[in-house]
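There are 2 protein chains.
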Amino acid sequence: MNQVNLNSLKHEANELVPTALDVLKQYLKFPTVSAQNMAIPETVEFVVKMIEDADGEAEILDDLGGNPVIYGFFPAGSNGDATKTLLFYNHYDVQPPDPLDEWESEPFESTVRDGKLFARGVADNKGDLVARLTAIKILQNLQGGLPCNIKFLIEGEEEIGSPNLAPYLEKYRDRFLADACIWEFGGKDEQDRISMVAGIKGMAYLEFTCFGADIDMHSSVGAYVDNAAWRLVQALATMKNQQNEIIVEGFFDGIEEPSDEVKKAVQALPFSEEAVTNLYGLKRPLITSAKGEDPRTAMVLQPTMTICGFVSGYTGEGAKTVLPKSAKAKMDCRLVPGQDPNHILECIQNHLEKHGFHDIKVTMVNGQKAYRSDFSHPFISHVMDTATQVYGKEGILAPNSAGTGPMFEFGEKLKLPIVSTGVGWVGSKAHAPNESIRLQDFEDGIVHMAYMLQGFPGALD
Amino acid sequence: MNQVNLNSLKHEANELVPTALDVLKQYLKFPTVSAQNMAIPETVEFVVKMIEDADGEAEILDDLGGNPVIYGFFPAGSNGDATKTLLFYNHYDVQPPDPLDEWESEPFESTVRDGKLFARGVADNKGDLVARLTAIKILQNLQGGLPCNIKFLIEGEEEIGSPNLAPYLEKYRDRFLADACIWEFGGKDEQDRISMVAGIKGMAYLEFTCFGADIDMHSSVGAYVDNAAWRLVQALATMKNQQNEIIVEGFFDGIEEPSDEVKKAVQALPFSEEAVTNLYGLKRPLITSAKGEDPRTAMVLQPTMTICGFVSGYTGEGAKTVLPKSAKAKMDCRLVPGQDPNHILECIQNHLEKHGFHDIKVTMVNGQKAYRSDFSHPFISHVMDTATQVYGKEGILAPNSAGTGPMFEFGEKLKLPIVSTGVGWVGSKAHAPNESIRLQDFEDGIVHMAYMLQGFPGALD
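Protein chains in written order, with the UniProt record's numbering: chain A, 1 to 461; chain B, 1 to 461.
Just so you know, the hints here were simulated from the structure itself, not pulled from any lab data. For clarity, every value in this text was computed on a predicted model and none was experimentally measured. Note that CB positions come from ideal geometry on N, CA and C, so glycine has one too. Treat the hints with care, since some could be wrong.
Restraint ranges, calculated between C-beta atoms of paired labels, are given here [to be verified]:
#1 G356/A to E190/B: 31 to 41 Å
#2 F271/B to G338/A: 52 to 62 Å
#3 N350/B to G356/A: 22 to 32 Å
#4 H343/B to D214/A: 32 to 42 Å
#5 D214/A to P163/B: 29 to 39 Å
#6 A290/A to N350/B: 19 to 29 Å
#7 H218/A to F252/B: 21 to 31 Å
Input sequences plus hints: build the corresponding full structure.
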């Protein structure tokens, strides 16, 4: 297949963007809030139509429970390489739009202001799906066919933790097999660099409960009655020391030694303590600074143990002299490749037992393993190189994000490298009011996907 | 003055109870909720009328802010001992009646059921005032005058912590001077023994706050951003060890060595671990049992440090991956005689500083010193002895309660022994729905006060 030059791709993208935006605006009208089970069938129907309008084949998979998973397939053109396949992962569901009164325009009536398109789900993740389908159209228009097979997995439960995805991946593994995968999201950072990740941290989200009594008591009995809040405070304090070091035996078991490429990529990541401090209004230095460590290393290569919530007794204004009957805490441990959430739970249970806290119950609300792509895979550098050319500026590729998603199931079942990139930006406000993408990012993201796809078969050879 | 025998007092009390109950029922109609500033002037007017109806002099003190303090005075009869004075402390305000839907009858429409009178404030503390005024009437009827001077201090802010009482005691000290004081409340325990206290623990109610950032953050930044919840957990854990021992330097400074009488009285107090465990549904052994200590000693003679509340981050259902911007805790330290709440605050601030927690702010919401009467004072044994005779069963007198009240100001400013006793019972549900007193306890309490007053001058000689 002849390679179309980048400028021709850009020109064609510019031609197609108005139609693509019309389609995206229709797609954004569906209030597909999975947490509230809203608008699922009609959104599925619309997604299928978008695939078919782009000359793809669509299949609705819904025999394993949950919202349907949509499989999309676009075969390589006659002059393309049918031995190579790229998989796109997207989701059609969105976050709830609340709080509604903070929106400057209707969340499900997309609006353009200042070169940005505002709507719930535009950045996470409806814009990316339309951009990817538009990239396919560019190649069809300019090449008369696709350079490789292209598949889509578009699910409808990402925003509620993809609880039903694994069985679909298992049963329909053959349909989704591919050589590489582009993950759902991504975008530009505060310095306008495209920021991508090739993996994701795992998670063990735990809930701790301690019951001391059946009822709240007058605090005067604190002279002789044990206190659930003190118990939980003492128990948690044994798990992490004042230097912020996790001191639970076995917590670090199995962690994979990162490769040299990974370490090098981590060193190349941008990080500004000042920017982070200003962004959040931090009152204390970074914990990595206090330990003389590199925040980038911690962010990508080290697990965390974060108290997300703690509640016990009276929490209102002023004084209430109560000895609380119970105390609860929520904790989020972000895991790195090689760690197993079930093992983490077990280590923490053993730790509590060993320290005399058998009265504190720990349960896992949510457990996911980490995934990190093989950083030496040529797909990784292909995505990076094409991004640099399209965006005219070196991009950033982290070996894995500091956040979490259902990537492990893909990596484990499909055995492929994964890179996440998309049309968002640092101000996209995914999950918040006034979610947006910038129109120029949308167009550039289309070009990047088209350009990346065009060179994809060659890059793997 | 001739002594009237106990049976005559009982007979006269029985005659007067119907009228006394009528008065009490009128008094209970006033919804005198100080927390909501309700019905204050009309209640004050009614209390003044009750004093005057009993041939006493009433004075409304209201020049120092807050709800008025009522001073009542009944001079000794011509055949009484005008050199001896007893002071009664009462309050006319009540707790809010909430939750209203748990009341079986209207909180401000008193109702008699099963030999009990139900209404908000009947046990705490309106019933006691009417009982005491009725005792005065008995002595007037049977003796033609009172055996000693009797004074009342009746305040209207006890249920909100008596914030304005001290200045009134200071300015009007001469009016309130007396030889001994009967405190506001008390009643029968689960074995129908009259249970009294001759002192009260103090309190340092503290609030801890830790701000880590201006906004809640995504928990993935836990890799490098410090966590206010962890900070507060770590800080609190340095203040009390896993054996429930308070390990803040200086916390125990100045504690007065209890006298032998006090120690003996503590040993005589009833205590059942089984009863306490069943009452509250405790899940763990008493902390005193674990330490091999006596819960009665802890209850009366040792300070406490109780976490009353803790809140940080996400506390709802399921998982929210947030790194909280702040954490707050409330702590109630019950103090024993000799401890100073300001010193406690200072010790805790120094402790936090010393342990590197200068980012945690501590403020005192409420500070009160403990008070314990001189246990060798003849008034103490006089109240005990008369109770045993009236109730036909040995009573219980604790050197101080495990709870707290504004008693220190009285003891400090007026220099007198104080005993708290009243017409409640173990099921009175003060501060809760369906507050009640038992009619027989009301009548017996009237007799006890009359009998105690009759022998009061002689007991002090």
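Quick rundown of the hints versus the structure:
1. G356/A to E190/B: 31 to 41 Å: 33 Å, holds
2. F271/B to G338/A: 52 to 62 Å: 55 Å, holds
3. N350/B to G356/A: 22 to 32 Å: 29 Å, holds
4. H343/B to D214/A: 32 to 42 Å: 36 Å, holds
5. D214/A to P163/B: 29 to 39 Å: 34 Å, holds
6. A290/A to N350/B: 19 to 29 Å: 22 Å, holds
7. H218/A to F252/B: 21 to 31 Å: With a Cβ separation near 23 Å, H218/A and F252/B satisfy 21 to 31 Å, so the hint holds.
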